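Note that the protein sequences, when read in sequence, are chains A and B.
The first sequence begins at 1 in full-length UniProt numbering and counts up one residue at a time.
The second sequence begins at 1 in full-length UniProt numbering and counts up one residue at a time.
Since the hints were made in silico from the structure, they are not lab data.
Hints are supplied without guarantee of correctness; some may be wrong.
A few chain B residues that face chain A, going by a derived Cβ cut-off under 10 Å, partial list only [what the hints assert, rightly or not]: (1) 12; (2) 16; (3) 18; (4) 25; (5) 30; (6) 40; (7) 44; (8) 53.
Pulled from the structure, derived: some chain A residues nowhere near chain B, Cβ distances all over 10 Å [unchecked claim]: (9) 20; (10) 127; (11) 156.
Note that the coordinates shown come from a computational prediction; the quantities given were computed from them, not determined experimentally.
Just so you know, even glycine gets a beta-carbon here, dropped at the ideal spot from N, CA and C.
Next come the chains, spelled out residue by residue.
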Amino acid sequence: MKKEISYERYQRQMILPDFGERAQQLLVEASVLVIGAGGLGCPALLYLAGAGVGTIGIADGDTVALSNLHRQVLYHTSDIGKNKAVVAAEYLKQLNPGTETKVYPWHVTNENLLAILGNYDIVLDGTDNFATRYLINDACVLMHKTLVYGAVSRFEGQVAVFNGLLGHDKRSANYRDIFPEPPKENEVPNCADAGVIGILPGMIGCMQAGEVIKLITGMGDPLIDRVLTYNVLSNQFYTVNIIAGPATNFTGPSTKERFLQTDYVSLCKSPSSVSEIDVVLFEELLNRGNVDVIDVRELYEQPVVKEFEHLRIPLADIYQQELQLKNDVVVVICQSGKRSRIAVEILNDRMGTAKTLYSLRGGLNDWYAFLKNKRDERG
Amino acid sequence: MKIRVLLFGQLAEASGVSELEMEGYADTISLISALQERFPTLQQSKYMMAVNQQMVSENTKLSENATVALMPPFSGG
Numbered sequence: 001m002k003k004e005i006s007y008e009r010y011q012r013q014m015i016l017p018d019f020g021e022r023a024q025q026l027l028v029e030a031s032v033l034v035i036g037a038g039g040l041g042c043p044a045l046l047y048l049a050g051a052g053v054g055t056i057g058i059a060d061g062d063t064v065a066l067s068n069l070h071r072q073v074l075y076h077t078s079d080i081g082k083n084k085a086v087v088a089a090e091y092l093k094q095l096n097p098g099t100e101t102k103v104y105p106w107h108v109t110n111e112n113l114l115a116i117l118g119n120y121d122i123v124l125d126g127t128d129n130f131a132t133r134y135l136i137n138d139a140c141v142l143m144h145k146t147l148v149y150g151a152v153s154r155f156e157g158q159v160a161v162f163n164g165l166l167g168h169d170k171r172s173a174n175y176r177d178i179f180p181e182p183p184k185e186n187e188v189p190n191c192a193d194a195g196v197i198g199i200l201p202g203m204i205g206c207m208q209a210g211e212v213i214k215l216i217t218g219m220g221d222p223l224i225d226r227v228l229t230y231n232v233l234s235n236q237f238y239t240v241n242i243i244a245g246p247a248t249n250f251t252g253p254s255t256k257e258r259f260l261q262t263d264y265v266s267l268c269k270s271p272s273s274v275s276e277i278d279v280v281l282f283e284e285l286l287n288r289g290n291v292d293v294i295d296v297r298e299l300y301e302q303p304v305v306k307e308f309e310h311l312r313i314p315l316a317d318i319y320q321q322e323l324q325l326k327n328d329v330v331v332v333i334c335q336s337g338k339r340s341r342i343a344v345e346i347l348n349d350r351m352g353t354a355k356t357l358y359s360l361r362g363g364l365n366d367w368y369a370f371l372k373n374k375r376d377e378r379g
Numbered sequence: 001m002k003i004r005v006l007l008f009g010q011l012a013e014a015s016g017v018s019e020l021e022m023e024g025y026a027d028t029i030s031l032i033s034a035l036q037e038r039f040p041t042l043q044q045s046k047y048m049m050a051v052n053q054q055m056v057s058e059n060t061k062l063s064e065n066a067t068v069a070l071m072p073p074f075s076g077g
């Protein structure tokens, strides 16, 4: 049965050349699954619902946090602590009652993703970690779904359409054609670690929504077999053409059974010999006073640590910079504990067994939370 | 022979430049090894390489004024 179109609601896009009732009808009959209702997912959801996409699935197991609000534009301060998919769906219902929303208030895994993917035409990846990105890519390849990919890092973003239908069952390049194996979690910083300016995922998420609308309506040239990057500081776009390798080269799981057996989380964990300590042991070491501390964050990063003496050597300089270390025990710190692990690996290589090196697990995030708890306990 | 090199994302941050000019490299292997010498962080980085906006995965000959882009994966969202 044909879905009814509200001419008044969609009038401004329906009067576009080549859009009209035809494109609007395609939109209201389309179904899109948005995985991750964060910095990328929020703007994408707003515009997809606004444009009249008939069915929108929202999958996210996270709850709204205060630090999300500078970029996750669907949420209000009063939503803190609530599930993102639930809040987002409520918002979209108000925005466009004609759009049917389906809520999946959990993180997608290889056990639950295939079952929901079957209900959708297009998948939009708005997630924030490699394990889930590879999981989604592989599921879309297995289930023959088109994937609209977007990702950001500090001031740059990437957009692409993966596994797009080229006709006769032939599919365009997917994520593994560019990056066959997932990076280990420490190799690439995430938003929490690297920071992100709010408008960037806003723009990239809008571009993803734009690609979805183009794919559904058949308008324009979607980013099939291309990756677009955008730099918010220089205002430069750069496109790279990519080529799908033969299906036999696909490095992901080739069957649903293998997909179910793949442990995506540990694929991204690095097997390393880095020793970590927690904040409690770290404080003990500080109290004993026989420890050197190196902060490997960039020099401009906040907050500046005032609680203990330390050296500031950004990660990129760890390879070469002369180190003035007084003690045999060295603790390396950063914001979340990721870059400090890499630094310890590098320093282990540089110094061998001359020093005992530790990375502070959870980084300054855990350290300040620990200090706050101590203050609170004292009342 | 001049080659324009573009570095993206964390590669640009780690090396401190997003664009540079290299001279005298006939193919991507020799160019990459020169870049790695200059920016040791590149050795441990994951990236895809494109010559004149076309992704390449094997050693590729470079012509005068070629643009070589190194693009790392991003995970943020």
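Hint check: 10 Å Cβ-Cβ cutoff, residue 18 (chain B) to chain A: With Cβ-Cβ at 8 Å, under 10 Å, it holds.
_Using the nearest Cβ pair, does residue 40 (chain B) come within less than 10 Å of chain A?_
5 Å, holds
Any Cβ of chain B at or closer than 10 Å to residue 20 (chain A), or is the non-interface label fine? 34 Å, holds
| request: Check the non-interface label on residue 127 (chain A): least C-beta distance to chain B beyond 10 Å or not. | output: Residue 127 (chain A) not clear of chain B: closest Cβ-Cβ about 5 Å, inside 10 Å.
Does the interface hint hold: is residue 16 (chain B) within less than 10 Å of chain A, judged Cβ to Cβ? 7 Å, holds
* Satisfaction of the residue 12 (chain B) interface hint, Cβ to chain A closer than 10 Å -> 8 Å, holds
For the hint on residue 30 (chain B), does the least C-beta distance to chain A fall short of 10 Å?
21 Å, violated
* To do: May I ask you to test the interface hint for residue 25 (chain B) with respect to chain A, counting a Cβ-Cβ separation under 10 Å as satisfied?
  => 20 Å, violated
When the nearest CB of chain A is found for residue 44 (chain B), is that gap smaller than 10 Å?
7 Å, holds
- Item | Assertion that residue 156 (chain A) lies outside the chain B interface [Cβ separation over 10 Å] | 5 Å, violated
Hint residue 53 (chain B) vs chain A: min CB-CB distance below 10 Å? 5 Å, holds
When the structure is compared with the earlier hints, violations turn up for hints 4, 5, 10, 11 and for no others.
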